[in-house]
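*Asks:* Going down the list, the sequences are from chains A and B. Throughout, the working numbering is defined as the position within the first sequence, counted from one, plus 150. Throughout, the working numbering is defined as the position within the second sequence, counted from one, plus 152.
Because the hints were derived from the structure by calculation, they are not lab data. Computed from a predicted structure; not experimentally measured. Check the hints yourself; a few may be wrong.
[What the hints assert, rightly or not] Mimicking DSBU-like on lysine-lysine, the simulated pairs with C-alpha atoms at most 35 Å apart in a straight line are:
id, chain 1, residue 1, chain 2, residue 2
1, A, Lys-219, A, Lys-207
2, A, Lys-168, A, Lys-219
3, A, Lys-219, A, Lys-167
4, A, Lys-215, A, Lys-167
5, A, Lys-207, A, Lys-167
6, A, Lys-221, A, Lys-167
7, A, Lys-221, B, Lys-204
8, B, Lys-155, A, Lys-207
9, B, Lys-155, B, Lys-204
10, A, Lys-221, A, Lys-168
11, A, Lys-168, A, Lys-215
12, A, Lys-168, A, Lys-207
13, A, Lys-207, B, Lys-221
14, A, Lys-215, B, Lys-155
15, B, Lys-204, A, Lys-207
16, B, Lys-155, A, Lys-221
17, B, Lys-221, B, Lys-204
18, A, Lys-219, B, Lys-221
19, B, Lys-221, B, Lys-155
[Unchecked claim] Which stretches of chain A does chain B cover? Using the computed rule of at least three CB atoms under 8 Å from a CB of chain B, they are:
id, region
20, 188-194
21, 224-236
[As the list claims (entries may be wrong)] Estimated spans, in silico, between C-beta atoms of each pair:
id, chain 1, residue 1, chain 2, residue 2, range
22, B, Asn-205, A, Val-164, 48 to 58 Å
23, A, Val-164, B, Pro-228, 47 to 57 Å
24, B, Arg-168, A, Glu-203, 15 to 25 Å
Cβ coordinates follow ideal geometry from the N, Cα and C atoms, glycine included.
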Amino acid sequence: EAQVTQNPRYLITVTGKKLTVTCSQNMNHEYMSWYRQDPGLGLRQIYYSMNVEVTDKGDVPEGYKVSRKEKRNFPLILESPSPNQTSLYFCASSSPHNPGGTYNEQFFGPGTRLTVL
Amino acid sequence: DAKTTQPPSMDCAEGRAANLPCNHSTISGNEYVYWYRQIHSQGPQYIIHGLKNNETNEMASLIITEDRKSSTLILPHATLRDTAVYYCIVAANTGNQFYFGTGTSLTVIP
Chain A
151 EAQVTQNPRY LITVTGKKLT VTCSQNMNHE YMSWYRQDPG LGLRQIYYSM
201 NVEVTDKGDV PEGYKVSRKE KRNFPLILES PSPNQTSLYF CASSSPHNPG
251 GTYNEQFFGP GTRLTVL
Chain B
153 DAKTTQPPSM DCAEGRAANL PCNHSTISGN EYVYWYRQIH SQGPQYIIHG
203 LKNNETNEMA SLIITEDRKS STLILPHATL RDTAVYYCIV AANTGNQFYF
253 GTGTSLTVIP
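Excised from the complex, chain B in its bound form (with noise of 0.2 Å):
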């Protein structure tokens, strides 16, 4: 089973930051936060990952909160292409089960 909980569905202006949330109160010590993001039909794609500390790519930043229980994808100025099903994921680096659960359908509005 999935363990974060999203909201299904979100609108951003381009140009404008769009923030996705995501809860995972029973993170545990050695659990990642993962986001992924799928456009349409296409294979999901990874967008960033982070353990204690915020972090920064070129494509988003993630901001976890201090206890952990919960963290936010910035798309720093959304574009139209950004429109996709953000995901959530948090799992340990061992290489087991991966819950994808049902993600944020995030919709850039022109």
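The shape of chain A in the complex, shown without the other chains (with noise of 0.2 Å):
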């Protein structure tokens, strides 16, 4: 089955514990991308990636890292968390090269729950 995983899918973390959400795809998609969703704030990019080893930040990348080493996976990094980045998050995978496709027709995980205390 073509699917986006994410995990964890719940997660609660104390300020400055460094943690990673890990996201995977089995689509051999080149374009891969991750959300924050915010009450009132609609869903913002964080950072995305072109493909292997290409990364570039989106609307909110700051307490951020991605990095992109494999096709398949796309980790989301938080060096030192804060509870300011309490949010729902989603990762997304895309491929200009599906019949018809564009890099903006994403397909998207479940998402990731996380508190920050």
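Put the two chains together into one complex, using the hints given.
*Replies:* The following block contains the structure:
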């Protein structure tokens, strides 16, 4: 089954404790992206990656890092989490090479709900 | 910043057509119009996209005005499962930043 998976789905942590949220897709997609969703603010893009070893900042990259060493994985790293990073996080992937496809027909993961105390 | 304007909420009777409007008056020539929806707190789901022509798929129809400054997503026979937040997004097919905005919360009423 074609899918985007995220782990963990729920996480409660404390300020300053480094954490990684993993994202993996099995569709051989070149493009992957991370978003956060907060009440009243909609979804905002954190980072995106056009392909392996190619990453770029989205709308709200501060406090986050990403890496793209393999095509299927795109982990989101919070080196020193703070309470303002409490949010619902989504990973997405896409490929412009599917018939009729564009970068922006994205498949989304189920989300990771992060609470930073 | 989001390049689109959508009403914050709408209601639709079950079985009727739901017409969701979107204004994108600053759209550029190379930008597409995309529609997604998000049911409760699940991951957003792609619905449809278009550049200039009207488009239809198994989920919905997309009507884009001739000047491309606005569009309408049509769900022809809304069901209770169509209750969701619908996002209208304009973006070029470059893979660059993709702005969701806050969308329209559609409630389908029995």
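*Asks:* Hint check: Lys-221/B vs Lys-155/B, CA-CA at most 35 Å. Holds or violated?
*Replies:* holds (11 Å)
*Asks:* With a cut-off of 35 Å on the C-alpha distance, tell me whether Lys-155/B and Lys-207/A pass.
*Replies:* At roughly 19 Å apart (the allowed maximum being 35 Å), Lys-207/A and Lys-155/B satisfy the hint.
*Asks:* Regarding the pair Lys-219/A and Lys-207/A, is the alpha-carbon distance no greater than 35 Å?
*Replies:* holds (17 Å)
*Asks:* Take a quick look at whether Lys-168/A and Lys-215/A sit within 35 Å of each other, Cα to Cα.
*Replies:* holds (11 Å)
*Asks:* Is Lys-168/A close enough to Lys-207/A, meaning Cα to Cα at most 35 Å?
*Replies:* Roughly 20 Å separates the two Cα atoms, so the pair holds.
*Asks:* For a C-alpha distance cap of 35 Å, please report whether Lys-207/A and Lys-167/A respect it.
*Replies:* holds (23 Å)
*Asks:* So if I understand the rule, the pair passes when the alpha-carbon distance is 35 Å or less; does Lys-219/A with Lys-167/A pass?
*Replies:* Holds, because 23 Å separates the two Cα atoms, which is no more than 35 Å.
*Asks:* Would the pair Lys-168/A and Lys-219/A pass a check requiring their Cα atoms to be no farther apart than 35 Å?
*Replies:* Given pair Lys-168/A, Lys-219/A holds - Cα atoms ~20 Å apart, limit 35 Å.
*Asks:* Is 48 to 58 Å respected by the C-beta to C-beta distance linking Asn-205/B and Val-164/A?
*Replies:* Because 53 Å falls inside the window, the suggested range holds.
*Asks:* Hint check: Lys-215/A vs Lys-155/B, CA-CA at most 35 Å. Holds or violated?
*Replies:* holds (26 Å)
*Asks:* Between Arg-168/B and Glu-203/A, does the beta-carbon spacing fit 15 to 25 Å?
*Replies:* For Glu-203/A against Arg-168/B, whose Cβ atoms are near 50 Å apart, the range 15 to 25 Å is violated.
*Asks:* Taking beta carbons only, do three or more residues of the region 224-236 of chain A come closer than 8 Å to chain B?
*Replies:* Violated - the region 224-236 of chain A has 0 residues with a Cβ nearer than 8 Å to chain B, which falls short of three.
Hint compliance for this structure: hints 18, 21, 24 are not met, and every other hint is.
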